[in-house]
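Chemist: Each chain, letter by letter, is given below.
2 protein chains.
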Amino acid sequence: MGNADYVYPSTNEYRQCAHPVAVPPPQPFFKSFKNSLKETFFPDDPLRQFKNKTPSRKFFLGLQYFLPILEWGPRYTFQFLKSDLISGITIASLAIPQGISYAKLANLPPILGLYSSFIPPLIYAMMGSSRDLAVGTVAVASLLIGSMLGDEVNATENPTLYLHLAFTATFFAGLLQASLGLLRVGFIVDFLSHATIVGFMGGAATVVILQQLKGILGLQHFTQSTDIISVLRSVFSQIHEWRWESGVLGAVFLFFLLLSRYFSKRRPKFFWISAMAPLTTVILGSLLVYLTHAEKHGVDVIGNLKKGLNPPSFGDFVFTSPYLTTAVKTGMITGIIALAEGIAVGRRPFSRSAVNFNAGCKTAMSNVVMAIAVMFTLLFLTPLFHYTPLVVLSAIIISAMLGLIDYEAAIHLWKVDKFDFVVCMGAYIGVVFASVEVGLVIAVAISVLRLLLFVARPKTFVLGNLPNSTIYRSVEQYPTTNDVPGILILQIDAPIYFANSSYLRERISRWIDEEEDKLKSTGETSLQYVIFNMSAVGNIDTSGISMLEEVKKITDRRGLKLVLANPGAEVMKKLNKSKFIETIGKEWIYLTVGEAVEACNYKLHTCKPDATNEDSQPWNKV
Amino acid sequence: MGNADYVYPSTNEYRQCAHPVAVPPPQPFFKSFKNSLKETFFPDDPLRQFKNKTPSRKFFLGLQYFLPILEWGPRYTFQFLKSDLISGITIASLAIPQGISYAKLANLPPILGLYSSFIPPLIYAMMGSSRDLAVGTVAVASLLIGSMLGDEVNATENPTLYLHLAFTATFFAGLLQASLGLLRVGFIVDFLSHATIVGFMGGAATVVILQQLKGILGLQHFTQSTDIISVLRSVFSQIHEWRWESGVLGAVFLFFLLLSRYFSKRRPKFFWISAMAPLTTVILGSLLVYLTHAEKHGVDVIGNLKKGLNPPSFGDFVFTSPYLTTAVKTGMITGIIALAEGIAVGRRPFSRSAVNFNAGCKTAMSNVVMAIAVMFTLLFLTPLFHYTPLVVLSAIIISAMLGLIDYEAAIHLWKVDKFDFVVCMGAYIGVVFASVEVGLVIAVAISVLRLLLFVARPKTFVLGNLPNSTIYRSVEQYPTTNDVPGILILQIDAPIYFANSSYLRERISRWIDEEEDKLKSTGETSLQYVIFNMSAVGNIDTSGISMLEEVKKITDRRGLKLVLANPGAEVMKKLNKSKFIETIGKEWIYLTVGEAVEACNYKLHTCKPDATNEDSQPWNKV
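Chains A and B, in that order, are what the protein sequence lines are.
Residue 0 is where the first sequence starts when you use numbering that gives the first Met the number 0, and the numbers rise one by one after that.
Residue 0 is where the second sequence starts when you use numbering that gives the first Met the number 0, and the numbers rise one by one after that.
Honestly, I wouldn't trust all of these hints.
[To be verified] Capping the alpha-carbon separation at 20 Å, the derived lysine-lysine pairs in PhoX-like fashion look like this:
id, chain 1, residue 1, chain 2, residue 2
1, A, Lys414, B, Lys33
2, A, Lys602, A, Lys578
3, A, Lys578, B, Lys417
4, A, Lys52, B, Lys517
5, A, Lys578, B, Lys576
6, A, Lys414, A, Lys268
7, B, Lys81, B, Lys328
8, B, Lys306, B, Lys268
9, A, Lys417, B, Lys578
10, A, Lys33, B, Lys268
11, A, Lys268, A, Lys306
12, B, Lys551, B, Lys585
13, A, Lys81, A, Lys52
14, B, Lys414, A, Lys30
15, B, Lys517, A, Lys50
16, B, Lys328, B, Lys306
17, B, Lys414, A, Lys576
18, B, Lys458, A, Lys37
19, A, Lys414, B, Lys578
20, A, Lys417, B, Lys30
21, B, Lys37, B, Lys50
If you are wondering where the hints come from, they were derived from the structure by calculation, not from laboratory data.
These numbers were taken from a predicted model, which means no experiment stands behind them.
Work out the full structure, taking the sequences as your base and the hints as a guide.
Modeler: As structure tokens, this is what we get:
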């Protein structure tokens, strides 16, 4: 019998040319444990570039990792400066009106929006790794702060507490983001899928636009809620309060902004038109109010703005307030969403960063230029905003928000993946009709449900033989395939886990039943072999192995032989440890479906397959 | 160019013998939606047996489905009755002491335990589908009711309210089980894996055994908590209260019970010894107390039991009590656990059912016999239990519970699957050190985390060529495989979903980096092709497609060609709808890794691979 490992009396003539299936060599538990930890938490192998370097080189590389300015700084040229100057001033002209507008979204003093475009860009210039990114205020995060804190504390009635809570919330947002990075659990953000982000952003943008109805219509009283029903009820319950002056002004400016954006989109060379448009509307609007004294005819203006720079506000954190949990919750959600938004849209720059890129920035120095421009504004130009009408800010916000409602992406989701579309709509409807948290929870729940459903209800399908080949593929996908008489080949398309083992047992029994019924009705040869193609079974747990043992019993009872094809490394390891390889017989595990079929056919035509005495022979124990 | 679909200028000489990859024919949305709903909720196709039957036959089959007695009743013979009589009396002798003991676990009057072995078996005999199952009290469910309700209401201080809450809880347990069945969402139970059940049952059994220390040591005061720390503190804080008479009696009876079980396990023919042992200990214990008047010397006895049958207790449900939520929660958890226990152990009968099977029952009629025997006991024999010492009941419970601590299964889990072992231990420790709910939540959380981790961190590995074949397999599992010069073949071992698309992008880039570094250091031919084996990619969502698009950009930038091998039906459908097939080029998708490698090799030796002008040719748009 020679090569005892792979030659078996009953099939030896065939077995000699078949490939054996390997059980991977056993690994010490702690080594494999360490490996899987590493793969889970350090998939990017962050220390790779430090390998095989001298200690001083390692130190320098480490410093560069934290301060990328050390990398590009020494190579900085006057040519770069010229480009960065132009792009920096361009993004400043966008950042200033955005800063003032988005601060209003968060119910914070407009001046704070300008601070966000002043200090953070300076820090980013030293520590940031992207040269195109333009740091500043973000609409959705501003809205989140505004709506979540606004539920608890009224910003107009209690401005100091509200301000302090906002500081505290941003502190926790930063703390969360830093911990996610340091603890290497950024993959939590992965659970916010692309579809979730599209729906969520669209919903948030819709909510923000609805909020602007207050400014556009010049209303004095407005609901604290953000859901569409409350907002529309609030708007239409005070139709007599609508200010037509304000409305007309808003519509005109919005039209101008949208037109400039449309034009820039059509002719990318004129990107600066849409970049300059917000500042232009601010200047035009302020001039118009100043000249016509419209502030006395129902057009609200920003009013007095504090000039100069604020002292640092470390002392303003409130860690002892009864509202601390609100601040922490707001911070956490804002942090997660901002991170997810950053990652999701990071690869196709948005708004301000797109402008920065188009303006030809060369390094993060453009952020420094922007910061200086904003500082200049803070120090000397704030009085100029006194006459800026609020309706202009609303128009700027609406115009920016319309860009976030990515209906084309939603249509694409519908076309490509209905489930993703449902996730997207769940997030959108949740945000618009309830609240941001509800939208988020709905979308994540649907997404995770989909993952669990994928595992709980894996696809199983029948394979057939591609004519004139030894290739076996799904009979549904390849209708030209031929059945193999007497053999049922099933593919299981997911790992076999506790969550699907009951289902798979039911489903496999049904496949066998149906195949037997079919063969009976056509009067063909009866079923003799069931081959499982395990190529797509990435892993198996103990519940899965029990399932296989039960299926083996079922097939034995019906006089069928169970054959496995191409089990992977993990599966073979577990089948070996649980002795299932001995149960099924090592000679019934093949490397490819083709070889399994060939072996079955060989036996089918030389001897009866249910030679049960074979099972008791010693070679099964090899 | 003839057959324009599959012949491409640059590779046509090879392409002609390669197999095309099919995009499955488009299916109407509602048809595929209906199909997936059906697969999710009706995997067993319950109406299969009704197909192609006359209406009257359908009605009869449906009636038989609900009342299996209609199936076996007409075929019932005197021979069957003889067997069922013997097995029915045997299980009654086990059910009576079990009923009284388990009622004590639930802090309910012992008589109620007997009712459970009287009415339910009669119903089961008509409607049950298993002939071996012996209906009756279940230890873990009894413990759950006792511990969860006991947290809220003291059974000794407020027995009527407690009793009514227990009724209400069992009502909701039944309601839940019925709804799970009717709504076809029984798969919720699948999320309690085998490992969870082993750990949970072991933990519950440990808790029950700890509770018996009260009875064994004859303690009058005892903690209401079930966690090990409270119980041990309660036991050891009153060492001076221990009753040695009680302890000695308990130890002797426990030893006898364990010995009989050990003996029956070694010699299955004498199963009746362990089946009769509990009743024997009850009789012996009662006789002993009666003769020695031990009840006056520190051995507690059951005392007076109500004789006769109770009226129906429909009126005793309390739907208005402030404790309703407790009752509902208790009912829900008890219902889920009982169901999971039933399903998990259903295939290797436990305790009472094993005895029924061994005693040779033929039909569910054995349950009727048991019910009659129990009724007889209720009507005439309850006074005999007056002198039954509580310590005997404790010994019976401990002996039964020791059988539920399946340490061999836990060792098996450790050997086969470390993760399952962690799940099992999580459930065990949670139940023993905190509470049943905590144990359950821990185990389910770890299990679901594992599923999510499987999807979030899929395996990717390099494939090599098995010598003298066109088979490509993992180089780790098959160390004899050879590298293919200039080609990196990667296998992705899970569906590509939002949860893993970021990870996969990182990991794939790293594989390419590492391969290029390796080739550079050995000075071999540079990398030209990257082939993804998609055999194990069961599905892809829009985030996954974006990932592929990004990877395509990365490979393009490095002058590498991206090639796909064997994408499945779902994947091809999505790639087609999202136009990724056009992006990658239809001629770069092959049916097998072997054919993909052959085509790459062909090109590698005839022309340069990064002939970028090729991408702009019209045939890409086919």
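Chemist: Hinted pair, alpha-carbon criterion (20 Å max): lysine 414 (chain B), lysine 576 (chain A). Please report holds or violated.
Modeler: holds, 7 Å
Chemist: Can you confirm whether the C-alpha distance between lysine 458 (chain B) and lysine 37 (chain A) stays at or below 20 Å?
Modeler: holds, 13 Å
Chemist: For the pair supplied as a hint, lysine 417 (chain A) and lysine 578 (chain B), is the alpha-carbon distance within the 20 Å limit?
Modeler: holds, 16 Å
Chemist: Check whether the Cα positions of lysine 517 (chain B) and lysine 50 (chain A) lie no farther apart than 20 Å.
Modeler: Cα-Cα ~14 Å, so holds.
Chemist: Next pair to validate is lysine 551 (chain B) with lysine 585 (chain B); report whether the Cα-Cα distance is within 20 Å.
Modeler: Since the Cα atoms of lysine 551 (chain B) and lysine 585 (chain B) sit roughly 14 Å apart, the hinted pair holds (cutoff 20 Å).
Chemist: Starting from lysine 81 (chain A), check that the Cα of lysine 52 (chain A) is at most 20 Å away, please.
Modeler: Not satisfied, since the Cα-Cα distance of roughly 36 Å exceeds 20 Å.
Chemist: Take the C-alpha atoms of lysine 602 (chain A) and lysine 578 (chain A), compute the straight-line distance between them, and say whether it is at most 20 Å.
Modeler: At roughly 25 Å apart (the allowed maximum being 20 Å), lysine 578 (chain A) and lysine 602 (chain A) break the hint.
Chemist: Holds or violated: lysine 328 (chain B) and lysine 306 (chain B), Cα atoms, limit 20 Å.
Modeler: violated, 33 Å
Chemist: Lysine 414 (chain A) and lysine 578 (chain B) were given as a pair; does the straight-line alpha-carbon distance stay at or below 20 Å?
Modeler: holds, 11 Å
Chemist: Holds or violated: lysine 37 (chain B) with lysine 50 (chain B), Cα cutoff 20 Å?
Modeler: Roughly 16 Å between the alpha carbons, so the hint for lysine 37 (chain B) and lysine 50 (chain B) holds.
Chemist: Quick one, are lysine 417 (chain A) and lysine 30 (chain B) close enough, alpha carbons at most 20 Å?
Modeler: holds, 13 Å
Chemist: Take a quick look at whether lysine 268 (chain A) and lysine 306 (chain A) sit within 20 Å of each other, Cα to Cα.
Modeler: Roughly 36 Å between the alpha carbons, so the hint for lysine 268 (chain A) and lysine 306 (chain A) is violated.
In this structure, the hints that do not hold are numbers 2, 5, 6, 7, 8, 10, 11, 13, 16, in rising order.
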